[in-house]
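Participant: With the sequences and hints as input, model every part of the structure.
Chains A and B, in that order, give the protein sequences.
Under the numbering used here, think of the first position of the first sequence as 3, with each following residue one higher.
Under the numbering used here, think of the first position of the second sequence as 23, with each following residue one higher.
No lab work stands behind these hints, which were simulated from the structure alone.
Mixed in with the good hints, there may be bad ones.
To be verified - Pair ranges (Cβ atoms, derived):
| # | chain 1 | residue 1 | chain 2 | residue 2 | range |
| --- | --- | --- | --- | --- | --- |
| 1 | A | L162 | B | D315 | 42 to 48 Å |
| 2 | A | V69 | B | S222 | 39 to 45 Å |
| 3 | B | R156 | A | P33 | 22 to 28 Å |
| 4 | A | E218 | B | S218 | 55 to 61 Å |
| 5 | B | F236 | A | H87 | 53 to 59 Å |
| 6 | A | D61 | B | L211 | 56 to 62 Å |
| 7 | A | V69 | B | L126 | 39 to 45 Å |
| 8 | B | P266 | A | M51 | 29 to 35 Å |
| 9 | B | S222 | A | I15 | 35 to 41 Å |
| 10 | B | Q123 | A | R224 | 50 to 56 Å |
| 11 | A | F68 | B | S146 | 26 to 32 Å |
| 12 | A | D35 | B | F157 | 25 to 31 Å |
| 13 | B | K208 | A | L216 | 46 to 52 Å |
Unchecked claim - Coverage of chain A stretches by chain B, computed from C-beta distances (three or more under 8 Å per stretch; other residues unrestricted):
| # | stretch |
| --- | --- |
| 14 | 155–163 |
| 15 | 199–210 |
As the list claims (entries may be wrong) - Take a look, some chain B residues computed to stay more than 10 Å from chain A by CB distance:
| # | residue |
| --- | --- |
| 16 | R46 |
| 17 | P56 |
| 18 | V60 |
| 19 | P90 |
| 20 | F224 |
| 21 | P233 |
Where is the CB? At the ideal position from N, CA and C, for every residue including glycine.
Chain by chain, the residues run as shown.
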Amino acid sequence: MIRYIAKRLILSIPTLLGVIVAAFLVIHLVPGDPVEVMMFGANPTPEQMAQLREQLGLDRPLHVQFVDYLGGVVRGDLGESIQRHRAVALEIGDNIGPTLMLTLAGMSIAIVVGFALGLTAALRPNSWVDNLSMGVANLGVAVPAFWLGILLILLFALTLGWLPATGQGGGRRLILPAVSLGLGYSAIIARLVRSSLVQVLGQEYILTARSKGLVERIVLFRHALKNALIPVITMVGLQFGNMMASAVVIEVLFARVGMGRLLVTSILQRDYPLIQGTILVFGIVYILSNLIIDLLYSVVDPRIRYT
Amino acid sequence: MLTLSKRQPDPGQPAGSRGWKQAREAFERFAANPAALVSAIVMLVLIVVAFVGPAIAPYDPVKIGTGPRLHPPSGQFLMGTDQFGRDILSRVLYGTRLTLQASLIAVVVAAGIGIPLGLMAGYSGKAVDGVISRFIDILLSFPGILLALIVVAILGTGLGRVQIAVGISLIPAYARLVRGSVMSAKENLYVEAARSGGCSTFRIATRHILPNIFVPLLVLSTTAIGWAIIIATSINFIGLGVHPPTPEWGADLGAARSYLGVAWWPGTFPGLAIVVSILAVNLIGDGLQNALDPRLKGKGAYDR
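Facilitator: Below, the structure written as structure tokens:
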């Protein structure tokens, strides 16, 4: 097991390096002079421009800059925000918690609703329950999270007055954002749970389990679901990163603090060190979540470790 | 004795009367699927609206004070008016062209870059494949909308740049599909036959392999239009896309956020337009998949 973990860790290093290179290159790919773009509208003197260029290290050769950047990333130093005059790492530290909380809450909704719909559908394939569940799932994929959020605000906050419309924090304030974020993904999970479970229920070992007289509940949960879970876990892992990226839009809609709002503001203010840092952290979280899923996968399915 | 002339059709590739028969059968299968048929009609209506929208829109979509501010839907203003007294129906009609055009351009950009990349990766040797595949891996480590946002961060905001950004974010989907298909297609006998007949690599890739992955590419492109609509409207919604007063569905929903407490209609109708468009392309994609390649039944637009 330890060897497997070590192997997976080593295999993710090239991708990690690629993400660092991509974040590093963002400022260099800006058409024209990045310093001019950043100071646009501020009527900078040539001295101010030279100072910013020096502060960002843009006056040095590209490879020297990259080695510096890489060293900074390793030490956790992501530079300083131009607009906020504060370390990028500190800004991200303030904002990543709320985004992770929102993403985890959204993921919980997606998993619970997705499994409920998928199980219901799989147990009675081609019945009206199946058609209804899959119809809801189809619709769920076509509704953008931000519009679902608007509808939920209109219904539950403004018409019924049950929940707060916008704002920071957990508890009741987290419900509407999490549902807006998670419901679309629950549709994807529901379809996968259904197809995976229908396939597993047709296997011979299910027939064996049933014919030796096991209760249907045990057949379903201990034999079928455990095997049907494998593709679902992969999907959930892949979707975690996607969901965190979708949280950008939800944070803007619900006026919540987080990585998404940080990224949008930094793009609008052309605060490149902050943009670079935010992108880097999103990429790293994505790689990490894939890594965790791979490891989880090897726990559920021991065959993986030996191949 | 095996002789190969250039005119001889490849096995497995529709040609002549056989191709027509296949196409007609596929069309019949598509038309027999009610969801796909209705979606195709909805899509046709949307395309017509995209062309004639400006002609049938009752009012000027950007003129401030066409009616009273935030007037609820009525006979005069079917979808009501927004915070500047602009007619929402007119804005939704104008927005159709913008959204369809943006998603189409994005898909063309993605296909135009992704297909050649995939062909090169799949058909060239290990070194080229390695470089391209690593590049695609890096693109893929920025999930969903984030890749498009990175391109916006580099290029800046605005309609044209968002189209390019969305296009770039869809490149990996094309490159991966084409690379995988080429890898499996190049083991086929007809490719070997073409190679021994003296065809150049480029010719084999474009004339022999590409036509054989036409079906999955067509299905992917339909689905990709749906993704493009979601990503583009999202970017416009968070305010990094079109500049006001451009009538755009996502941007209009973004503006409606501040008035939800007093008016439900500005936050509702543009969203309805988005959902109808995405649902239509997704169901058409599913229908095409089942009609063109019945073996793959059940692998649809949603299995990302």
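Participant: Run every hint past the structure and note whether it holds.
Facilitator: Verification of the hints:
1. In this structure, L162(A) and D315(B) meet the distance hint of 42 to 48 Å, their C-beta atoms being roughly 47 Å apart.
2. Distance hint check for V69(A) and S222(B): the Cβ-Cβ separation is about 43 Å, which falls inside the suggested range of 39 to 45 Å.
3. Here the CB-CB span from R156(B) to P33(A) is close to 25 Å, well matched to the stated 22 to 28 Å.
4. Distance hint for E218(A) and S218(B): a CB-CB separation of about 59 Å, consistent with the stated range 55 to 61 Å.
5. Against the hinted window of 53 to 59 Å, the Cβ-Cβ separation of F236(B) and H87(A) comes to about 55 Å, which satisfies the hint.
6. Restraint check, D61(A) to L211(B): a C-beta distance of roughly 60 Å satisfies the suggested window 56 to 62 Å.
7. Taken as a hint, the range 39 to 45 Å holds for the pair V69(A) and L126(B), whose Cβ atoms sit roughly 43 Å apart.
8. Distance hint for P266(B) and M51(A): a CB-CB separation of about 31 Å, consistent with the stated range 29 to 35 Å.
9. Take S222(B) and I15(A): their Cβ atoms lie about 38 Å apart, and the range 35 to 41 Å holds.
10. Distance hint check: the CB atoms of Q123(B) and R224(A) are about 53 Å apart, consistent with the given range 50 to 56 Å.
11. Between F68(A) and S146(B) the C-beta distance comes to about 28 Å, which sits within the given range of 26 to 32 Å.
12. Taking 25 to 31 Å as the suggested C-beta distance range, the pair D35(A) and F157(B) conforms, at roughly 26 Å.
13. Checked against the given bound of 46 to 52 Å, the beta carbons of K208(B) and L216(A), roughly 48 Å apart, stay inside it.
14. Coverage of the stretch 155–163 of chain A by chain B holds. Counting CB-CB distances below 8 Å, 3 residues qualify, and the rule asks for three or more.
15. Given a C-beta distance limit of less than 8 Å, the hint that chain B covers the stretch 199–210 of chain A is violated, as 0 residues qualify and 3 are needed.
16. With a minimum CB-CB distance of about 28 Å to chain A, R46(B) clears the 10 Å threshold, and the non-interface call stands.
17. Listed as a non-interface residue, P56(B) keeps its Cβ farther than 10 Å from every Cβ of chain A; the least gap is roughly 13 Å.
18. Interface exclusion of V60(B) from chain A stands, the closest Cβ pair being 13 Å apart, more than 10 Å.
19. For P90(B), the condition that its CB be more than 10 Å from all CB atoms of chain A holds, with the nearest at approximately 21 Å.
20. Once the 10 Å rule is applied to beta carbons, F224(B) is consistent with being away from chain A; the minimum gap is 29 Å.
21. Interface exclusion of P233(B) from chain A stands, the closest Cβ pair being 30 Å apart, more than 10 Å.
Checked against the numbered hints above, the structure violates only hint 15.
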